[in-house]
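Visitor: Here is what each chain is made of, one letter per residue.
4 protein chains.
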Amino acid sequence: MEFASDNAAGVAPAILDALVRANAGCAIAYGHDALTRRLERRFSEVFERDVAVFLVGTGTAANALALAHLSPPWGAVLCHSEAHAIAHECGAPEFFGGGLRLVGIEGEAGKLQPRAIAAALERHFGLRPHQILPAVLSLTQASECGTVYQIDEIAALAGLAHERGMAVHMDGARFANAVARLGATPAEASWRAGVDVLSFGATKGGALAAEAVVFFDPVRADAMAERRKRGGHLVSKHRFIAAQFEAFLANDQWLKLAANANRMADRLATHLASVKLPPIWPVEANIVFVRLPQALHERLQDAGAHYYVTHTDRTAPAIVPSGYVLVRLVTSFATTESSIDKFVALVKST
Amino acid sequence: MEFASDNAAGVAPAILDALVRANAGCAIAYGHDALTRRLERRFSEVFERDVAVFLVGTGTAANALALAHLSPPWGAVLCHSEAHAIAHECGAPEFFGGGLRLVGIEGEAGKLQPRAIAAALERHFGLRPHQILPAVLSLTQASECGTVYQIDEIAALAGLAHERGMAVHMDGARFANAVARLGATPAEASWRAGVDVLSFGATKGGALAAEAVVFFDPVRADAMAERRKRGGHLVSKHRFIAAQFEAFLANDQWLKLAANANRMADRLATHLASVKLPPIWPVEANIVFVRLPQALHERLQDAGAHYYVTHTDRTAPAIVPSGYVLVRLVTSFATTESSIDKFVALVKST
Amino acid sequence: MEFASDNAAGVAPAILDALVRANAGCAIAYGHDALTRRLERRFSEVFERDVAVFLVGTGTAANALALAHLSPPWGAVLCHSEAHAIAHECGAPEFFGGGLRLVGIEGEAGKLQPRAIAAALERHFGLRPHQILPAVLSLTQASECGTVYQIDEIAALAGLAHERGMAVHMDGARFANAVARLGATPAEASWRAGVDVLSFGATKGGALAAEAVVFFDPVRADAMAERRKRGGHLVSKHRFIAAQFEAFLANDQWLKLAANANRMADRLATHLASVKLPPIWPVEANIVFVRLPQALHERLQDAGAHYYVTHTDRTAPAIVPSGYVLVRLVTSFATTESSIDKFVALVKST
Amino acid sequence: MEFASDNAAGVAPAILDALVRANAGCAIAYGHDALTRRLERRFSEVFERDVAVFLVGTGTAANALALAHLSPPWGAVLCHSEAHAIAHECGAPEFFGGGLRLVGIEGEAGKLQPRAIAAALERHFGLRPHQILPAVLSLTQASECGTVYQIDEIAALAGLAHERGMAVHMDGARFANAVARLGATPAEASWRAGVDVLSFGATKGGALAAEAVVFFDPVRADAMAERRKRGGHLVSKHRFIAAQFEAFLANDQWLKLAANANRMADRLATHLASVKLPPIWPVEANIVFVRLPQALHERLQDAGAHYYVTHTDRTAPAIVPSGYVLVRLVTSFATTESSIDKFVALVKST
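Quick note, the sequences are listed as chains A, B, C and D, same order.
Reading the first sequence from the start, the letters are residues 0 to 349 in numbering that gives the first Met the number 0.
Reading the second sequence from the start, the letters are residues 0 to 349 in numbering that gives the first Met the number 0.
Reading the third sequence from the start, the letters are residues 0 to 349 in numbering that gives the first Met the number 0.
Reading the fourth sequence from the start, the letters are residues 0 to 349 in numbering that gives the first Met the number 0.
All clues given are correct.
No more than 20 Å apart at the CA atoms, straight line, and that leaves these computed lysine to any residue pairs for SDA-like: (1) Lys347(C) x Met0(C); (2) Lys347(D) x Val326(D); (3) Lys275(A) x Ser348(A); (4) Lys341(C) x Gly24(D); (5) Lys347(B) x Leu295(B); (6) Lys341(A) x Gly24(B); (7) Lys341(A) x His270(A); (8) Lys275(D) x Val324(D); (9) Lys341(B) x Thr269(B); (10) Lys341(B) x Gly24(A); (11) Lys341(C) x Arg266(C); (12) Lys347(A) x Arg266(A); (13) Lys341(D) x Gly24(C); (14) Lys275(C) x Arg290(C); (15) Lys341(D) x Cys25(C).
Note that these hints are calculated values from the structure, not bench results.
Every value quoted in this text rests on a predicted model; they were computed, and no experiment measured them.
Construct the entire structure; sequences and hints are all you get.
Guide: Put into structure tokens, the structure is as follows:
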């Protein structure tokens with residue numbers, strides 16, 4: 000009953016096999032190997048256009064490098080107030096960005112609304128050089144609340160950003176979950192909707208440690224190689240990170256793994272709702288937020304269920320009544336029906 | 000005939016096995032797992048004192064995080080002019096260190112001499128606040144030239160640094176090769192000789208991607224966890240990086256792997272010397288620098304030998320006579336006698 | 000009718016005289032001159048304890064250097080959402096602080112409330128190393144809204160900060176106006192109430208360009224000399240910046256100049272209130288915010304009145320009714336009664 | 000007998016008068032005043048082309064802002080090993096430049112030679128992304144050794160830099176002394192010879208605190224306003240810094256002041272040479288380096304002469320024989336013949 004994080008899962012078998020296979024023989028280091036070259040072409044196929052791609056080992060690195068590349072030090076990155084980049088990366092974007100500023104914007108269910116962005120733009124910017132410049136809009140897809148932006152929502156937000164001369168970044172640590180849910184192509188879910196740069200995560204989706212920064216306009220990636228190296232994020236035995244991504248992308252493996260995670264979240268949410276424990280936000284990816292009575296929560300913990308109590312609905316604290324806790328349950332590629340059912344049985348056994 | 004880099008080798012079997020084994024089940028992320036806890040204790044055993052250890056994925060990250068932690072932004076890091084940190088990390092130490100300065104100091108065969116350090120201290124520092132402050136002495140062990148500092152040499156250099164209030168860092172990307180050669184204990188080769196913080200590399204020695212920053216005084220590591228996270232270097236599925244190091248350290252695996260690399264370098268050097276191609280510096284680790292006639296060089300390349308032409312002896316350019324190239328040959332845990340012998344046979348077949 | 004800013008005024012005669020006098024003869028540069036030494040002692044007298052003081056040329060420099068010295072790069076500075084440091088310094092604190100984060104907190108009339116700070120602490124911090132650390136509370140005295148913290152209000156806020164291990168910074172660009180209004184001693188208005196470091200402004204108060212960073216615990220100022228120099232803020236002909244401050248502090252000149260500015264603001268507010276144009280916030284320093292009918296505003300501008308339309312009451316936008324603008328009127332040491340009266344006559348002449 | 004620094008002099012009368020005159024009335028802050036606008040046009044006249052100019056209060060700020068604007072964080076600035084930017088600015092260029100690297104290059108008499116630059120380019124750069132990129136060549140004119148680059152020397156060095164895609168910066172803290180000596184126009188001595196950005200100093204030449212960053216291609220200055228503000232270097236009462244520069248540039252005041260300083264240095268050198276104390280480098284600006292017998296040195300100090308003992312000839316330490324000290328004597332706009340003659344008389348009175 001592991002629902003603490005998709006990071007708690009291990010490596011998907013197909014990806015681990017690829018790692019082992021990649022170990023045959025020698026290969027030139029730092030990304031000049033054949034496997035990496037092949038993977039770069041594969042990315043362009045997957046996204047249906049020439050892209051520039053930079054592999055790194057963590058999602059925080061991917062986000063921070065991408066944001067730093069899109070914003071000057073005197074720029075602002077607008078993001079949801081619960082976005083991983085502002086809430087859980089210990090200031091990595093500011094560090095990589097030479098002191099850029101993250102501007103957190105509230106939004107229901109982890110999603111930004113055009114009106115709120117317009118209001119933030121009105122409020123914080125305009126007086127040069129006393130005020131910093133709005134530089135990037137960063138969207139998390141799927142969101143930290145387990146919701147998913149629809150394609151037209153992305154397009155509307157991206158359009159607003161582009162009108163203001165801002166770039167659009169997507170934190171896609173759970174891009175796979177979102178694409179699997181949307182039923183769209185990767186291109187439709189990214190650059191066709193206005194995304195300029197994507198942090199495309201594989202780690203939560205089943206890799207060991209593999210994230211990609213994807214520039215849909217390769218020109219924009221100029222000197223990104225230096226930025227990555229300087230950040231200590233150019234892996235020397237690069238074939239092994241490339242191998243993970245190759246296996247992840249092969250045969251829609253990434254979408255299949257994500258679909259399992261999504262399905263398990265649905266199953267969990269459906270069962271919980273059936274006993275009057277409905278999710279507080281739509282379950283559109285692999286995360287379920289639900290209020291649990293304190294006693295039930297303690298019983299579940301005692302029984303060995305792993306998950307985090309969270310404060311994410313702080314914008315509406317009243318909705319966690321006294322005697323309840325708000326918990327976050329995350330499923331993964333490795334979550335099984337039996338694990339869900341065991342958890343649900345425990346819940347129902349009160 | 001792969002002599003381009005120890006990074007061109009893959010993963011040693013024992014380490015790959017450990018990675019695969021670590022995949023069983025779930026584990027809490029970000030280093031709170033049992034395997035990581037166990038490894039932390041193991042490090043303290045290996046070094047015979049309580050240490051604070053931070054695992055990261057690249058040697059550049061290890062160096063940059065360590066140096067940034069030991070120097071204020073207005074500090075200087077003194078290192079050899081050929082040190083990896085100054086020559087091949089794209090300014091990572093300056094980036095992580097908020098604009099600290101690396102001061103490169105010349106020294107025969109990749110090794111720093113006390114006199115040269117004293118001269119640099121005399122020349123560059125002293126007028127506060129107009130001049131930056133000397134903060135760290137960084138030694139590369141084994142050096143970029145394939146030589147090894149003797150214990151008493153380290154102690155003399157560290158003593159000089161400590162007298163001046165500087166900290167001592169060791170870039171141990173090839174620490175294993177040095178320790179294997181010295182026949183000393185890890186403690187003797189590090190903190191007992193005056194090293195304060197060690198970048199302890201496993202990647203070149205046979206891991207997939209695993210480096211450790213080791214603080215011999217854990218108090219000094221305060222807030223290093225934030226620095227690492229902020230640098231994007233806290234790996235989420237942390238058990239896998241811990242597993243690599245655990246296997247590396249188990250049963251002297253690291254020393255055995257390094258011993259093979261060293262032995263192969265010796266074999267190569269001995270054979271080359273026998274045909275009047277002596278190494279230009281003592282072969283004390285797993286690297287051989289040798290001058291090759293241009294025609295021989297071309298023949299070797301045509302036959303599929305991999306290695307780099309280098310300019311590392313720039314302090315004495317005259318020693319590469321016209322018609323010759325200086326090449327760097329690196330052996331690894333995976334180098335075989337037959338590979339050496341094939342290369343040597345080619346050399347001799349002129 | 001100059002009400003745009005206290006920066007629009009020139010230099011107070013006593014200060015300009017001191018500048019001219021300081022020009023006699025030569026003086027060693029960079030603050031080693033006799034005048035600077037004398038001034039440093041004077042600061043300790045004014046604040047009734049040994050202080051470490053660093054003079055710089057701009058308020059932004061004073062704030063940014065102070066905040067950077069009090070917070071690690073992974074720290075947060077909590078301040079009012081309208082604080083100059085977050086709203087009008089183009090990210091200087093982030094730049095000097097290596098990417099620290101400013102967390103803006105709403106508060107009526109430009110003042111922070113303990114409850115809001117406690118809520119921010121609760122919301123944004125606690126999960127190490129994923130979240131940054133709360134490091135500094137920065138209070139603006141007098142505030143950007145022209146209000147003044149009472150001594151006990153400062154003490155309560157500082158107490159809360161200290162309990163959490165945070166340092167307390169005061170942005171005193173208008174410290175003189177606040178002290179003049181409070182009728183307290185400089186010590187009472189600063190360190191006795193819990194302030195650790197003060198940005199003490201003279202420029203708005205009548206100097207040409209002179210600001211001081213005052214550390215009430217000199218030990219805390221260690222290496223601040225390097226930080227200032229490295230920021231390009233160590234003035235070479237330092238005697239001239241010291242001379243400004245000496246004249247500012249002599250014979251309570253600073254309080255007299257501030258008292259005039261405050262009195263003129265009172266006079267302005269009283270007159271405006273008498274014609275149903277009351278200030279929207281208490282007038283406690285030298286700034287009056289008032290809603291003007293659009294037509295009146297245009298007439299005043301046409302008649303040559305200088306002031307800014309502002310959006311500072313954005314926390315309650317409804318209070319600027321349609322057909323009105325919110326304007327900020329700032330008085331200074333140089334503002335005369337006749338200037339006020341001329342402006343008021345224009346207002347009344349509708 | 001003040002020869003410690005041109006910073007020890009006060010403010011030239013014409014400039015102080017201008018400061019006092021600028022105090023009449025109010026003026027909009029932050030450089031939007033009429034005086035600043037007028038000065039900006041004046042700069043374009045002086046340099047015979049449209050320039051973008053940014054005034055700041057210190058030479059360190061001018062250099063650091065300029066270099067940071069011309070180099071990416073992963074860039075290198077090549078400069079003389081004795082250049083102020085590398086030797087006496089406490090790492091300001093690195094700080095402003097996000098961790099760029101200064102590469103010091105040796106050169107006789109404070110001047111860089113094309114061959115040495117070519118060698119440095121060959122040695123330190125080329126392997127992307129492992130090595131940083133050469134971004135800027137910074138020349139000090141007049142040099143720290145009191146010598147002056149001839150126009151064709153600048154052109155040759157700038158040509159070399161431009162061939163390699165590098166920008167050319169000139170640290171002109173003593174640009175006036177150089178131009179006065181060269182007898183060239185400001186345009187000939189800067190952009191016509193290939194300089195892209197000039198740190199144009201007035202402070203050492205007779206201002207209180209006034210330096211200008213001059214971009215000869217205004218497009219290149221994009222966002223420099225933000226960079227300056229963010230560095231805390233946008234002076235609020237900006238008319239006073241503009242007034243200094245206006246008076247400096249009016250009626251060739253700057254060249255007349257510099258000519259006096261140069262003439263006094265010549266006089267000093269000539270007299271010293273006549274008693275077998277020749278300058279060690281050509282006296283081309285306002286600085287004389289000379290070896291003094293220790294006894295004479297002590298006698299001069301006792302008699303109240305101010306100057307610094309220096310180590311600047313460290314590239315040839317043998318030339319300071321035992322029993323001698325190397326001293327630096329700096330003249331200024333305020334140095335008088337009688338002061339020189341008094342010093343010389345003391346020297347001769349042995």
